[in-house]
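Trainee: Going down the list, the protein sequences come from chains A and B. Once you know that position 72 of the first sequence is 71 in numbering that gives the first Met the number 0, the rest is easy, because the numbers rise by one and skip nothing. Once you know that position 298 of the second sequence is 297 in numbering that gives the first Met the number 0, the rest is easy, because the numbers rise by one and skip nothing.
Incorrect hints may have been included.
Said to hold, decoys possible - Okay, derived cross-link-like pairs now, EDC-like style, lysine to aspartate or glutamate, Cα gap no bigger than 20 Å in a straight line: (1) A:K31 <-> B:E264; (2) A:K80 <-> A:E64; (3) A:K218 <-> B:E260; (4) A:K212 <-> A:E199; (5) A:K31 <-> B:E260; (6) A:K38 <-> A:E121; (7) A:K114 <-> A:D227; (8) B:K347 <-> B:E37; (9) B:K51 <-> A:E106; (10) A:K212 <-> B:D28; (11) A:K218 <-> B:E37; (12) A:K80 <-> B:E288; (13) B:K202 <-> B:E264; (14) A:K214 <-> B:E15; (15) A:K213 <-> B:E37; (16) A:K66 <-> B:D28; (17) A:K31 <-> B:D28; (18) A:K45 <-> B:D120; (19) A:K80 <-> B:D164; (20) B:K29 <-> A:E100; (21) A:K210 <-> B:E260; (22) A:K212 <-> B:E15; (23) A:K66 <-> A:E106; (24) A:K210 <-> B:D14; (25) A:K80 <-> B:E264; (26) A:K45 <-> B:D164; (27) A:K218 <-> B:E10; (28) A:K242 <-> B:E264; (29) B:K51 <-> B:D14; (30) A:K45 <-> B:E37.
Honestly, the hints are just simulated from the structure, not real lab data.
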Amino acid sequence: MYARRGFVLAVSSEMSLRVLVPVKRVVDYAVKIRVVGGKVDTANVKHSMNPFDEIAVEEAVRLKEKKTAAEVIALTVGPAKSQETLRTALAMGADNAVHIEVPEGQEIQPLQVAKLLRAYVEKEKPGLVILGKQAIDDDAGQTGQLLAGLLNWPQATFASKIEFADAAKKILVTREIDGGLETVEAPLPAIVTADLRLNEPRYATLPNIMKAKKKPLTKITPADLGVDITPSIDVLSVSEPPKRVGGKKVESVDELVDKLKNEAGVI
Amino acid sequence: MAMASVNNWSEGLSDEALEIQSMAKAFADKELAPYMTEWDINETYPLDALRKMAQLGFGATSSAAPVLSRHDAAVGFEALATGCVSTTAFITVHNMAVWIIDTFANDTLRERYIPHLATFDKVASYCLTEPGAGSDAGNLATSAVKKGDHYILNGSKAFISGGGDSDVYVVMCRTGGPGPKGISCIVVEKGTPGLSFGKKEKKVGWNSQPTRAVIFEDCAVPVTNLVGKEGQGFSMAMQALNGGRINVSACSLGGAHAALEAAIEHTNIRKQFGKPLADNQSIQFKLAEMATSLVASRLMVRYAAKQLDGKTPAAGAWAAMAKLQATDKCFEIANEAIQLHGGYGYLKDYKVQQYMRDLRVHQILEGTNQIMRLVIAREMLK
Chain A
0 MYARRGFVLA VSSEMSLRVL VPVKRVVDYA VKIRVVGGKV DTANVKHSMN
50 PFDEIAVEEA VRLKEKKTAA EVIALTVGPA KSQETLRTAL AMGADNAVHI
100 EVPEGQEIQP LQVAKLLRAY VEKEKPGLVI LGKQAIDDDA GQTGQLLAGL
150 LNWPQATFAS KIEFADAAKK ILVTREIDGG LETVEAPLPA IVTADLRLNE
200 PRYATLPNIM KAKKKPLTKI TPADLGVDIT PSIDVLSVSE PPKRVGGKKV
250 ESVDELVDKL KNEAGVI
Chain B
0 MAMASVNNWS EGLSDEALEI QSMAKAFADK ELAPYMTEWD INETYPLDAL
50 RKMAQLGFGA TSSAAPVLSR HDAAVGFEAL ATGCVSTTAF ITVHNMAVWI
100 IDTFANDTLR ERYIPHLATF DKVASYCLTE PGAGSDAGNL ATSAVKKGDH
150 YILNGSKAFI SGGGDSDVYV VMCRTGGPGP KGISCIVVEK GTPGLSFGKK
200 EKKVGWNSQP TRAVIFEDCA VPVTNLVGKE GQGFSMAMQA LNGGRINVSA
250 CSLGGAHAAL EAAIEHTNIR KQFGKPLADN QSIQFKLAEM ATSLVASRLM
300 VRYAAKQLDG KTPAAGAWAA MAKLQATDKC FEIANEAIQL HGGYGYLKDY
350 KVQQYMRDLR VHQILEGTNQ IMRLVIAREM LK
């Protein structure tokens, strides 16, 4: 689709929209977490793509199928093993993948990820970045918002629906908030974070899993992007929640209030 | 529950196989496992779930492009079988019938059938066994006499998975003289006059698949439905069984894997004499034996699958060995898992008993484990 304006041929944003989907490799949601040596035990434990990131990838792939997006780029920040997550994204339908590789054991926090993403975005200029609303390992829920702040782009977080308007130059995003549903409008380029009900991610088909290995996967380092990934927050301690103890039956409301105040110490 | 690294079924797999395994397990957990009990008790034939499996590519793993290696297909079926052994095994039998058409039939037949069979839009059944010819398959009696443009089929097949419901029947029948060399393979479509079915069999397991006798009474089939050449049918059937044996073994692995995981969880939770069952050495010994047996079986199945992929001359014997090992050992694992559950293991509320019942038949079909010994010995004594 071309719009001829004088001597300039302009391609409508619909045809050229590139969507970036950052994805994270996390401990699988079904695993029983254990704390060993002051850290969450991740050795020999099943890992998979963060469920909210799967939803983000699915949304981006659907945009491509609807021909709203031209390209879906999956990106991850992590050690060598993180590549598995990129493969999953490619198998779901992403066109190419970028691995920002960090050393094994290196701690990576949301602000540093956001800085890496900003550097990548400034280079590659995608029109839309869709992230999962939070990662299920740290539940930080910050990366999308930090990225929007760093780029000074509009953000539509906790999206349960994304629609396009104005020849794909604007998005209308329905957000799930405490009070109900809110719809915001933002011009592209923009940041969206995906919430649970945005979509139901597909299973990768066998043909797509096999095609995935032919898709381009680029490796870069934080140094290539000029970003310092030193963590800015110190984790002081990590512990398991207290073991469940039996409940107690009380005879009256007064007794309940007394126990809540003097035994449980919660009021 | 995280499986210990010693029984990590992802060990040594390529990136692609890992992806297949992870996808198949996610599918099994969500689309099969929650329903396997209900399907077994109600004898439900879960066409929707089977179609979903086919849409993901499991309807014709060796036939529809891009073709999956036998090894990776085995990895996929193993993962699917943790959700429902019976349903997964059924799609592997369908795959076997599809493979025969794809490998040996002319383009006309292939174009007519494969696209529909790959999507499970149409279902295929493999018809070899007869009331009078099980292990002695080479002496099957269903006859196909040429009369003008048609073969007239007379006889019956027994224990046919999908019989009565399937749309396409890949039938081994006698066009020539006695013995294996007189057997040909003919495709018969449901609805052909003279094709009828026996009653639905009541089985100990594999209850999510209908099993019936397939009966031919002066059933006229166009000669153009001959697969390959006359006299090649037995060879086709045997070659198809090599793949079938790998796949049914993979289903055994999945069932045993799930049964073992359930047993580990139960023995950690169930307390007697003041401690979890798993604190007892005898229980630990039992679990260790089960895991060792499972890992040995899995390695054999995957290795045999690689032999088949590499078209090594002895691949058939490898497949027989893997099938003998895996189906026997995995049934024992599931059976032991029941014992480890105590009384609860005997209740249909618990899945272990279904894994045991479903796996029992793997020791019998696709060549009894006694025939497997003959296949192996023949190779050894060459």
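Trainee: Next step is simple, just say for each hint if it's right about the structure.
Mentor: A quick look at each hint next to the structure:
no., hint, in the structure
1, A:K31 <-> B:E264, "holds (12 Å)"
2, A:K80 <-> A:E64, "violated (29 Å)"
3, A:K218 <-> B:E260, "violated (38 Å)"
4, A:K212 <-> A:E199, "violated (24 Å)"
5, A:K31 <-> B:E260, "holds (14 Å)"
6, A:K38 <-> A:E121, "violated (35 Å)"
7, A:K114 <-> A:D227, "holds (9 Å)"
8, B:K347 <-> B:E37, "holds (10 Å)"
9, B:K51 <-> A:E106, "violated (40 Å)"
10, A:K212 <-> B:D28, "violated (26 Å)"
11, A:K218 <-> B:E37, "violated (48 Å)"
12, A:K80 <-> B:E288, "violated (32 Å)"
13, B:K202 <-> B:E264, "violated (29 Å)"
14, A:K214 <-> B:E15, "holds (13 Å)"
15, A:K213 <-> B:E37, "violated (41 Å)"
16, A:K66 <-> B:D28, "violated (32 Å)"
17, A:K31 <-> B:D28, "holds (17 Å)"
18, A:K45 <-> B:D120, "violated (35 Å)"
19, A:K80 <-> B:D164, "violated (46 Å)"
20, B:K29 <-> A:E100, "violated (33 Å)"
21, A:K210 <-> B:E260, "violated (33 Å)"
22, A:K212 <-> B:E15, "holds (8 Å)"
23, A:K66 <-> A:E106, "violated (38 Å)"
24, A:K210 <-> B:D14, "holds (12 Å)"
25, A:K80 <-> B:E264, "violated (28 Å)"
26, A:K45 <-> B:D164, "violated (40 Å)"
27, A:K218 <-> B:E10, "violated (25 Å)"
28, A:K242 <-> B:E264, "holds (19 Å)"
29, B:K51 <-> B:D14, "violated (23 Å)"
30, A:K45 <-> B:E37, "violated (29 Å)"
Consistency note: the structure conflicts with the earlier hints numbered 2, 3, 4, 6, 9, 10, 11, 12, 13, 15, 16, 18, 19, 20, 21, 23, 25, 26, 27, 29 and 30.
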